[in-house]
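> The primary structure of each chain is shown beneath.
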Amino acid sequence: KQEVTQIPAALSVPEGENLVLNCSFTDSAIYNLQWFRQDPGKGLTSLLLIQSSQREQTSGRLNASLDKSSGRSTLYIAASQPGDSATYLCAACTGANSKLTFGKGITLSVRP
Amino acid sequence: GAGVSQSPSNKVTEKGKDVELRCDPISGHTALYWYRQSLGQGLEFLIYFQGNSAPDKSGLPSDRFSAERTGGSVSTLTIQRTQQEDSAVYLCASSQYGTVQETQYFGPGTRLLVL
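From first to last, the protein sequence lines stand for chains G and W.
So for the first sequence, the working numbering puts the first residue at 2; every next one is plus one.
So for the second sequence, the working numbering puts the first residue at 176; every next one is plus one.
Hints in this document: simulated from the structure, not taken from any laboratory.
It cannot be assumed that every hint is accurate.
If you anchor each label on the Cβ, the simulated ranges turn out as follows [unchecked claim]:
(1) W:D193 x G:E4: 28 to 38 Å
(2) G:S70 x W:E243: 34 to 44 Å
(3) G:S54 x W:Q225: 18 to 28 Å
(4) G:Y77 x W:E195: 41 to 51 Å
(5) W:R239 x G:T59: 42 to 52 Å
(6) G:S54 x W:V187: 38 to 48 Å
Lysine-lysine pairs mimicking BS3-like chemistry, simulated, CA-CA at most 30 Å apart [claimed, not checked]:
(7) G:K105 x W:K190
(8) W:K192 x G:K43
(9) G:K105 x G:K2
All C-beta atoms, glycine included, are put in the ideal place defined by N, C-alpha and C.
Could you put together the complete structure from these sequences and hints?
This is the structure we're talking about:
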């Protein structure tokens, strides 16, 4: 059974800092790895999707990497801003029906 | 265009009552997913629809939970004889074909509280 872990559960950084959010998964037989953002009381917004054959994806100040063999993914946020404050979830897709297994998320607070 | 919508946004019910949660996926999306987000448990998969069929119901926690989808569009998640442990946010997501190349688009969720 796939298990996805995100540590730490919470992170507080000053504005402008570059930061890395970590995600690990136990079963390397994944189809893709996705990063989502969740704001309080809201649904999830997709940030990046990395296919199993890819090593990384970039969107603006965000860069996600994937190392299947070691069961790890990282989300790099450059020049963090207070508007980046949210909970970031990673999810592993391990089924052909695209069913996702989620980590519990990292709650990020960027201080002005 | 319109995103995934869910109703109601909040539901408070008494233990033992039945509840129905509704999901309207993005128009034209054939794949629809239900997830549950419980405090301390994270997001858990419940059920997957492709069209009106549910080829994967493996995440439904008990036979009190059921779901249907009609017309390849709207889906309803029904919880019978609700228990306090059913309190959670129920999220619906859709994608165009349900392939592994696609991301899923999530609705805002229904926050269920069972007293």
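> Does K192 (chain W) pair with K43 (chain G) here, judged by a C-alpha cut-off of 30 Å?
26 Å, holds
> Need the status of pair K105 (chain G), K190 (chain W): alpha-carbon distance at most 30 Å?
The hint holds at about 27 Å.
> CB of R239 (chain W) to CB of T59 (chain G), is that within 42 to 52 Å?
With Cβ atoms ~44 Å apart, the hint holds.
> Take the C-beta atom of S70 (chain G) and the C-beta atom of E243 (chain W), compute their distance, and say whether it sits inside 34 to 44 Å.
41 Å, holds
> Does the Cβ distance between D193 (chain W) and E4 (chain G) fall inside 28 to 38 Å?
With a Cβ separation near 33 Å, D193 (chain W) and E4 (chain G) satisfy 28 to 38 Å, so the hint holds.
> Between Y77 (chain G) and E195 (chain W), is the Cβ distance one that fits in 41 to 51 Å?
42 Å, holds
> Would you say the C-beta atoms of S54 (chain G) and Q225 (chain W) sit inside 18 to 28 Å of each other?
24 Å, holds
> Between K105 (chain G) and K2 (chain G), is the straight-line Cα distance small enough, at 30 Å or below?
16 Å, holds
> Honestly, do S54 (chain G) and V187 (chain W) meet the 38 to 48 Å range at C-beta?
46 Å, holds
Checked against the numbered hints above, the structure breaks none of them.
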